[in-house]
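Visitor: Sequence:
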Amino acid sequence: MFSYRQMLCHSFRITRKNRYLWFFGLFASLLSIGAEYQILARAINRSASLVWFSDWSNFFNSGLFSWQFFSKVISLFSEDPLSMSLLLLVSLVILAAFLLLIWLAVISQIAIVSNSHKIIKSKKETADLSLHSGVLAGTKSFWPTLWLNLISKVVINVLGFLVSLPLMFVFWNKIFSGSLYIILFVLLVPIAVAFSLLIKYAIAFVVLKKESFELALKSAFKLFRENWIISVEMAFLLFTISFFATLIILTASLIVAIPFFFLAFAFLTMFTNLAFWSVVILGIIVLTIFIIICGSILSTFQVVAWTNLFNHLEIGIESKIERLIPEKIKTKVIRFK
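In the working numbering, the protein residues as written are 5 to 341.
Just so you know, these hints were derived from the structure itself, not from any lab.
Where hints are given, some of them may not hold.
[What the hints assert, rightly or not] Simulated crosslink set (DSS-like; lysine-lysine; CA at most 25 Å straight-line):
(1) LYS157 <-> LYS127
(2) LYS214 <-> LYS157
(3) LYS76 <-> LYS144
(4) LYS157 <-> LYS21
(5) LYS214 <-> LYS144
(6) LYS213 <-> LYS76
(7) LYS226 <-> LYS157
(8) LYS222 <-> LYS157
(9) LYS213 <-> LYS178
(10) LYS324 <-> LYS178
(11) LYS214 <-> LYS127
(12) LYS226 <-> LYS122
(13) LYS21 <-> LYS125
(14) LYS122 <-> LYS178
(15) LYS144 <-> LYS157
(16) LYS21 <-> LYS76
(17) LYS127 <-> LYS222
(18) LYS226 <-> LYS324
(19) LYS324 <-> LYS125
(20) LYS76 <-> LYS157
(21) LYS128 <-> LYS222
(22) LYS214 <-> LYS324
(23) LYS226 <-> LYS213
(24) LYS21 <-> LYS178
(25) LYS226 <-> LYS214
(26) LYS122 <-> LYS222
(27) LYS178 <-> LYS76
(28) LYS122 <-> LYS21
(29) LYS125 <-> LYS213
(30) LYS226 <-> LYS128
As the structure is a computational prediction, the values presented were derived from the model and not from experiment.
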């Protein structure tokens, strides 16, 4: 019988024993692994919606793509070509770094899915795989996976903004804004969560089944429709694990920081400011490395867990809720079939 505990423990052991996956986990986290959890935060965060709306409003009103902007750039080039050339070079370097991060994030996501799938299928917790095999798998499925992530980002952000939109006008009419917020929250948040889970399955179909972009979406929709209960259960379990793991990481970070705090204070009273700042900088470096490693492990575990679930869904499993329902009252309505 399928067991969440066994599957999650298996996923954790794979994550722990294949440390090279942590490198991929670092960059895969840039794609907001666990985006369905961030939906709730955006939906209840009024300031986040205001910032989001303000940023896009400023972008469209900046005149960045207007003729006046381009004519001004040409004029500045003619007046001070050296400075503008340096500015253009810096801009190109920043753009290249941004594109490199996107490439690394997508490649890393694919690598974790592909390599963890091979490990799971081998019936072992380790396999003769490496960074090179992960990158090679990533290059083969890069573009459809990139588009799936972009679509997910756009849809989830738009839905999150629409849900939190009434919070921006709560001071004008509290009753209307509150009622509209509840309605939108009930309607759109489940849609956003479902779409996020669907994208996870679509990426698995692209990477593991080599399906095209369109076919992967259709296959993912069918798989989610037939297993939506177990998908929601899994999302809830991973949310709970991530929540407590984050608390543990924060607590551990404070414990790690305490010796540096007292050491820096002692150096400040007994030695020079240089010694004090040396300890502070060292402490920041140690804490940063610690948090990065923990975050990489957590994001790797999440992707491995979803890949593990995808493999189980192929076989056919029953959710915890369905197992608790007596056979006499089970209907096909539960699975939307």
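Visitor: Take the hints in turn and mark each one as holding or not.
Guide: Against the structure, the hints:
Distance check on the hinted pair: LYS157 and LYS127 sit about 34 Å apart at the alpha-carbon level, beyond 25 Å; violated. At most 25 Å may separate the alpha-carbon atoms for a hinted pair to count; LYS214 and LYS157 meet this at roughly 22 Å. Proposed proximity of LYS76 and LYS144 is contradicted: the alpha carbons are some 42 Å apart, above 25 Å. A hinted pair counts as satisfied when its Cα atoms are at most 25 Å apart, and LYS157 with LYS21 does not qualify at roughly 31 Å.
Straight-line distance between C-alpha atoms of LYS214 and LYS144 comes to about 9 Å, which keeps the hinted pair within the 25 Å bound. Pair hint LYS213 plus LYS76 does not hold up; C-alpha atoms about 51 Å apart against a cutoff of 25 Å. Taken as a hint, the LYS226 and LYS157 pair is honoured in the structure, with Cα atoms around 21 Å apart against an allowance of 25 Å. At most 25 Å may separate the alpha-carbon atoms for a hinted pair to count; LYS222 and LYS157 meet this at roughly 19 Å.
The suggested pairing of LYS213 with LYS178 is violated, with an alpha-carbon distance near 50 Å, which exceeds 25 Å. For the proposed pair LYS324 and LYS178, the alpha carbon gap of about 40 Å is over 25 Å, so the pair is violated. The suggested pairing of LYS214 with LYS127 holds, with an alpha-carbon distance near 22 Å, which does not exceed 25 Å. As the CA atoms of LYS226 and LYS122 are separated by approximately 24 Å, the hinted pair is consistent with the 25 Å bound.
Distance restraint check for LYS21 and LYS125: the Cα-Cα separation of roughly 16 Å lies within the 25 Å cut-off, and the hinted pair is therefore satisfied. Pair hint LYS122 plus LYS178 does not hold up; C-alpha atoms about 54 Å apart against a cutoff of 25 Å. The straight-line distance between the Cα atoms of LYS144 and LYS157 is roughly 22 Å, inside the 25 Å bound, and the hint therefore holds. The suggested pairing of LYS21 with LYS76 is violated, with an alpha-carbon distance near 56 Å, which exceeds 25 Å.
Distance restraint check for LYS127 and LYS222: the Cα-Cα separation of roughly 29 Å exceeds the 25 Å cut-off, and the hinted pair is therefore not satisfied. Distance restraint check for LYS226 and LYS324: the Cα-Cα separation of roughly 20 Å lies within the 25 Å cut-off, and the hinted pair is therefore satisfied. The suggested pairing of LYS324 with LYS125 holds, with an alpha-carbon distance near 24 Å, which does not exceed 25 Å. At roughly 33 Å between alpha-carbon atoms, LYS76 and LYS157 are farther apart than 25 Å, so this suggested pair is violated.
At most 25 Å may separate the alpha-carbon atoms for a hinted pair to count; LYS128 and LYS222 exceed this at roughly 31 Å. Of the supplied pair hints, the one linking LYS214 and LYS324 is violated, its CA atoms being roughly 30 Å apart against a limit of 25 Å. Of the supplied pair hints, the one linking LYS226 and LYS213 holds, its CA atoms being roughly 15 Å apart against a limit of 25 Å. Between LYS21 and LYS178 the CA atoms are separated by roughly 53 Å; this puts the pair beyond 25 Å, and the hint is violated.
Proposed proximity of LYS226 and LYS214 is supported: the alpha carbons are some 17 Å apart, at most 25 Å. Using a Cα cut-off of 25 Å, the hinted pair LYS122 and LYS222 holds, with the two alpha carbons roughly 24 Å apart. Restraint check: the Cα-Cα separation between LYS178 and LYS76 comes to about 46 Å, which exceeds 25 Å; the hinted pair is violated. With a CA separation close to 14 Å, the supplied pair LYS122 and LYS21 stays within the 25 Å bound.
Between LYS125 and LYS213, the direct Cα distance comes to roughly 14 Å. Compliance with the 25 Å bound is thereby established for this hinted pair. Proposed proximity of LYS226 and LYS128 is contradicted: the alpha carbons are some 29 Å apart, above 25 Å.
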